[in-house]
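When you get a sec, could you build the whole thing from the sequences and use the hints?
Protein chains: 2
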Amino acid sequence: MISERMEKMLLNDVNTLIKPADELAVIAANHSLDHALLLMTKNKYTLVPVIDKHSKLQGLISMALIIEAIMDIEDVYFDKLADITVEEVMEKDYPSVTDDYDLEHVIRLLVNNAFVSVIDKEGVLLGIITRQEILRGTNRILHNFETVYQVEEKEKVIEKRLV
Amino acid sequence: MISERMEKMLLNDVNTLIKPADELAVIAANHSLDHALLLMTKNKYTLVPVIDKHSKLQGLISMALIIEAIMDIEDVYFDKLADITVEEVMEKDYPSVTDDYDLEHVIRLLVNNAFVSVIDKEGVLLGIITRQEILRGTNRILHNFETVYQVEEKEKVIEKRLV
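Chains as they are written, first to last, in the numbering used here: chain W, 32 to 194; chain U, 32 to 194.
Be careful, since some hints might not be right.
Same chains, same label: a pair holds when it works inside one copy or across any pair of copies.
Stated by the list, open to error - Simulated crosslink set (DSBU-like; lysine-lysine; CA at most 30 angstroms straight-line):
1. Lys111 <-> Lys87
2. Lys75 <-> Lys87
3. Lys123 <-> Lys73
4. Lys185 <-> Lys75
5. Lys87 <-> Lys50
6. Lys111 <-> Lys73
7. Lys111 <-> Lys84
8. Lys73 <-> Lys39
Treat the hints as calculated values from the structure; they're not laboratory data.
In C-alpha cells form, the structure reads like this:
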C-alpha cells in the first residue's frame with residue numbers, strides 16, 4: 032500500500048498521470064511496416080500503440096520489431112516492408128490498465144516497460160502513463176517530503192514516548 | 032538536497048546504480064550504419080552508446096537517427112546504410128556524469144533521457160544509469176518509507192510540543 036501522503040506528493044495534485052491518446056502517435060493495425068517506420072522516425076518514437084478502426088488497443092509496435100521482421104542472420108531485406116502489416120509483427124503481450132488503475136500496480140509495471148497503456152472497458156485506448164511522469168514525481172518526493180513532513184526513526188519515537 | 036534517509040532507501044544499500052560497460056551493447060564510432068542497425072535489432076536496444084577505439088564515449092546512436100539518415104520526405108533509401116558511419120549521424124549532445132556523480136543531478140537528467148552515461152576523467156565509458164533502477168528505488172520508497180519512519184505533518188509536531 033502506498034500512503035496517501037506519498038501518492039499526493041508523487042502526483043503533485045495533478046488530476047491525471049495519463050498522456051491522452053489524441054496527443055500520441057498511434058498506428059493502425061492494418062497499415063504496412065513502411066508506413067509505420069516513417070511515422071515512428073518522423074516522431075522520434077521507438078515504441079507506439081497499435082489500434083484497430085474502433086480505436087481499440089491491439090498491441091505495440093517498435094522499430095526493433097519492424098527491422099527484425101525483415102532481417103535474417105546476415106541481412107536486412109527492406110523491400111519486404113510494404114508487404115507486411117503492423118498486426119503481423121506487433122507485440123500482443125503488453126501491459127495495460129483501466130482508468131481506475133492502482134498506482135502501485137502501474138509503477139511496478141513501469142520498472143520493466145517504457146509505458147503502460149490505459150484503456151476503457153471496451154478496450155479503447157485512452158492514453159499512456161510514461162516513466163517520465165513517475166520520475167518527475169520521484170524528484171518531488173526526494174526533494175520535498177522531508178521539508179513538508181517531520182520524519183523520525185520509529186525506535187526514537189517510541190523512546191521519546193517512554194521518557 | 033536529497034536527505035540521507037531517502038537516498039539510502041532509493042539505493043537499497045546497493046553499492047552502485049551503474050550498469051557496467053562490459054554488460055552493455057556499445058557501437059564503435061567508425062562502424063557503418065548497417066552494422067549498427069543489425070546489432071541494435073538483435074539486442075533489442077533502441078539507443079546505445081558510441082565509443083572510439085580507446086573506449087571513450089563519443090555520442091549516442093538510436094534507430095530513429097539511423098533511419099532518419101537514409102530517409103527523405105517520402106522514401107527510405109536503405110542502400111545508403113553501408114556508406115554512412117555511426118559518427119556521422121550520432122547524437123553528440125548527451126547527458127553524462129563522472130562516477131562521483133550527484134544523485135539529485137542524475138535523477139533530474141533521467142526525467143528527459145532514457146539513461147545517463149557514466150565516464151571516468153579521461154572520458155572512458157564506465158557504464159550507464161537507467162530509469163529502471165531509479166523506478167525500482169521509487170517503488171521501495173513508496174512502499175517502505177512510512178513503515179520504517181514515523182511521519183507527521185510539521186504543524187502537528189509543533190502543536191504537540193506546545194501542549
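Each hint, compared with the structure:
In this assembly of identical chains, the alpha carbons of Lys111 and Lys87 lie at most 30 angstroms apart only when taken from the same copy (27 angstroms versus 37 angstroms across copies). With identical chains, the CA atoms of Lys75 and Lys87 are at most 30 angstroms apart both within one copy (23 angstroms) and between copies (26 angstroms). For the homomeric pair Lys123 and Lys73, the shortest alpha-carbon distances inside one copy (24 angstroms) and between copies (19 angstroms) are both at most 30 angstroms. Proximity of Lys185 to Lys75 under the C-alpha cut-off of 30 angstroms is found in neither arrangement, the shortest distances being 48 angstroms within a copy and 45 angstroms between copies.
In this assembly of identical chains, Lys87 and Lys50 lie within 30 angstroms of each other by CA distance solely inside one copy; the values are 16 angstroms within and 37 angstroms between copies. Taking the shortest Cα distances, Lys111 and Lys73 sit within 30 angstroms of each other both inside one copy (20 angstroms) and across copies (18 angstroms). In this assembly of identical chains, the alpha carbons of Lys111 and Lys84 lie at most 30 angstroms apart only when taken from the same copy (24 angstroms versus 35 angstroms across copies). For a Cα distance limit of 30 angstroms, the shortest separation of Lys73 from Lys39 qualifies neither inside one copy, at 36 angstroms, nor across copies, at 41 angstroms.
Violated hints, listed in ascending order, are 4 and 8; each of the other numbered hints is respected by the structure.
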